[in-house]
Amino acid sequence: GAVVSQHPSRVICKSGTSVKIECRSLDFQATTMFWYRQFPKQSLMLMATSNEGSKATYEQGVEKDKFLINHASLTLSTLTVTSAHPEDSSFYICSAPLAPRQYFGPGTRLLVL
Amino acid sequence: GEDVEQSLFLSVREGDSSVINCTYTDSSSTYLYWYKQEPGAGLQLLTYIFSNMDMKQDQRLTVLLNKKDKHLSLRIADTQTGDSAIYFCAEADPYSGAGSYQLTFGKGTKLSVIP
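Protein chains in written order, with our numbering: chain A, -15 to 97; chain B, 1151 to 1265.
Worth flagging that the hints you see were computed from the coordinates, not collected in a lab. You may find that some hints are simply not true.
[Claimed, not checked] Mimicking DSSO-like on lysine-lysine, the simulated pairs with C-alpha atoms at most 30 Å apart in a straight line are:
#1 Lys(-2)(A) to Lys50(A)
#2 Lys1206(B) to Lys1218(B)
#3 Lys1206(B) to Lys25(A)
#4 Lys1257(B) to Lys50(A)
#5 Lys25(A) to Lys1217(B)
#6 Lys39(A) to Lys1257(B)
#7 Lys25(A) to Lys1186(B)
Using the sequences plus the hints, can you model the full thing?
Structure follows, in structure tokens:
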């Protein structure tokens, strides 16, 4: 099947720094990608829809200035957690659709100290 | 809006069949999916079914869809210890942008396989 990669897989950073997470569709193009956040033992929470060539669409309650999304090309979307705080520590997962399937990246574990 | 419900836990003995159930509320859903998540990993697409189908079989996996009751199930035959994971049911949002297939997930069912 299609492959979606994420980089980095794990990141530890100090409070106040910014962290960029990349999501790539390796063998297909995606005009739309999705970013999720998953807390321990919970389901995925959709944060935003990344749209190639236009602004991302954020879900209610997600701060767009905190979680910057850039869909630079048809195979790359980035999520930047700005001025990270310990409460931003989580598992972040991206996905990209290849109709009618949705393929997920392996996730990025963020720990903010 | 969409809502997807699943039971949280299921425990079965190795070699038995597992049946994971899911209910959804949006009758306009076009596709329904089952994903598997192992600890610390992303989601692996196991199978999906189009809403005009009743059943889909793929090796050890059988998906049953009762559209009238909005009920979806995943049966795993001859369950193995490697099947231990969290299984998420999801429906595609029919109102999301064309081709985007935005998903609504259930909370996930943790399947524990007893050797």
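Checklist entry - Are there hints from earlier that the structure breaks, and if so, what are their numbers? => result No hint contradicted; all consistent.
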